[in-house]
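> Chain by chain, the residues run as shown.
2 protein chains.
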Amino acid sequence: MIKKNSPIPIYYQLEEHIKELIENGELKPGDSLPAERVYAEEYKISRMTVRQALTQLVNEGYLHRIQGKGTFVAERKIMQPLQGLTSFTEDMKARGFKPGSQLIRFEVIPATIQIADQLSIQEYAPVYEIKRIRMADDVPMALETNYISANLIKGLTENIVNQSIYSYIEGHLGLKIETASQIIESSIANQIEANSLSIKKGSPIMLIQRNTYLENGTPVEFVKSVYRADRYQFMIQMKR
Amino acid sequence: MIKKNSPIPIYYQLEEHIKELIENGELKPGDSLPAERVYAEEYKISRMTVRQALTQLVNEGYLHRIQGKGTFVAERKIMQPLQGLTSFTEDMKARGFKPGSQLIRFEVIPATIQIADQLSIQEYAPVYEIKRIRMADDVPMALETNYISANLIKGLTENIVNQSIYSYIEGHLGLKIETASQIIESSIANQIEANSLSIKKGSPIMLIQRNTYLENGTPVEFVKSVYRADRYQFMIQMKR
DNA sequence: GAGTGGTCTAGACCACCCC
DNA sequence: GGGTGGTCTAGACCACTCC
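Taken in sequence, the protein lines are chains A and B. Numbering of the first sequence is given in my numbering, commencing with residue 897 and proceeding in unit increments. Numbering of the second sequence is given in my numbering, commencing with residue 897 and proceeding in unit increments.
These aren't lab readings, by the way, just hints derived from the structure by calculation. Computed from a predicted structure; not experimentally measured. Some clues are possibly wrong.
Chain copies aren't distinguished; within one or between two, either way the pair holds.
[Claimed, not checked] Below, computed lysine to aspartate or glutamate pairings styled on EDC-like, alpha-carbon distance capped at 16 angstroms:
no., residue 1, residue 2
1, Lys-1135, Glu-956
2, Lys-1027, Glu-1003
3, Lys-1072, Glu-971
Produce the entire structure from the sequences given, and follow the hints as far as they go.
Right under this line is the structure:
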């Protein structure tokens, strides 16, 4: 089960193994796991290595530990990875909808003061402005506008935008998106927003602004979205 | 600086020490930290202990590490502790408002099917229903209704509610609140909500439903809140 | 090659829970 | 008292970055 001369770290192999048992249902919520010393003995590895795997799973919300008693499978999985840092496409799939997208604007513009501030770049520096209507099961769900520094993310095309911007940034450019912050507000639709979303003027909408950053803190992207409140709820799980 | 024969773990002392340097501004965003081996040498502790402290700070978003280069202070602090799991009082203080509260209902009622489901208890089991208008700088900000199982949290009084329910649960009952999930929606105020919040009927509002759980997954509390959208934004930071 | 973080070992003692 | 997780040590070798 655990390969010792693998380029994949042992703690990671053990982590994935236990995660699989939980997702298979072989380990059920409330079940206790073998003791750390048992794992160490069974796989002939150090207890510290076992702890490294278990600690990660505790942080991800799969397990919880009680000193003197043992390690147990958590009742609920908390803090799904990528929670909120998913793309619209991933988010909709997770909700059981068929995601769709209609590009209505793709241009390079000089940054306004507001955009420059959000992206930590100079005013008038070139940024991509990408406006899309996002669909779920072919019904408009959100109106989304992305601003991305053209000096940081070079070579963006309509084609890439229709595939996946994140894959391009992470795959082709080798940059790592690490953190994001979001601001969520309630409002009511004006005429333009109402038309785009096929709702009535004055209907409730949810405004979400997202800023994403690389691991060193460089802003990558700044997104303003308008969601239909009758079809969208924002969900979040957290640990204390 | 680091006390070795203290009941406080060494890794935790180091963690707090570094956190303080960052919050004091002695370590600025982008600064590199001393190498792990330097800390180990300086405090005569094991490098693994140093790593335990640093790993925690990386997870909390204070630091980031780059293999072969070093450990650096993050540009932004991500994932504030307790984010969203704070009480209204803590939340308002963090935003720079003076929190206030007006109790308008405090009763024990039999659980409806909906409440029983959220709290994983039997229908008709006794639950506290606590309704409050929450103020920020003496202006109504939210209308909040809590449901708490009376069999789990015994001895709640109006007095405790006016102090802090969380302190009572954690301090007096010795229970540990570990996780929470929230659902955020946009809507528009009906007449009752409008009156309570001193806004007009039809104004945008934000509905937040929160479920909190103990470390073993037992539901503790179920809260429905109605926030004024003109004065409240929900903010969240996350790591990938 | 020198310096950094990443992984790993084989122990040790402590704090806590339960019988 | 026996079993559990929590903390800690003093090393080791590897992978990566930079010069």
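> The structure should be examined with respect to each hint, and the outcome stated for every one.
Results for each hint:
1. Both within a single protomer and between protomers do Lys-1135 and Glu-956 lie at most 16 angstroms apart by alpha-carbon distance, with minima of 9 angstroms and 12 angstroms respectively.
2. In this assembly of identical chains, the alpha carbons of Lys-1027 and Glu-1003 lie at most 16 angstroms apart only when taken from the same copy (9 angstroms versus 50 angstroms across copies).
3. Taking the shortest alpha-carbon separations for Lys-1072 and Glu-971, only the inter-copy value of 15 angstroms comes in at or below 16 angstroms, while the best intra-copy value is 32 angstroms.
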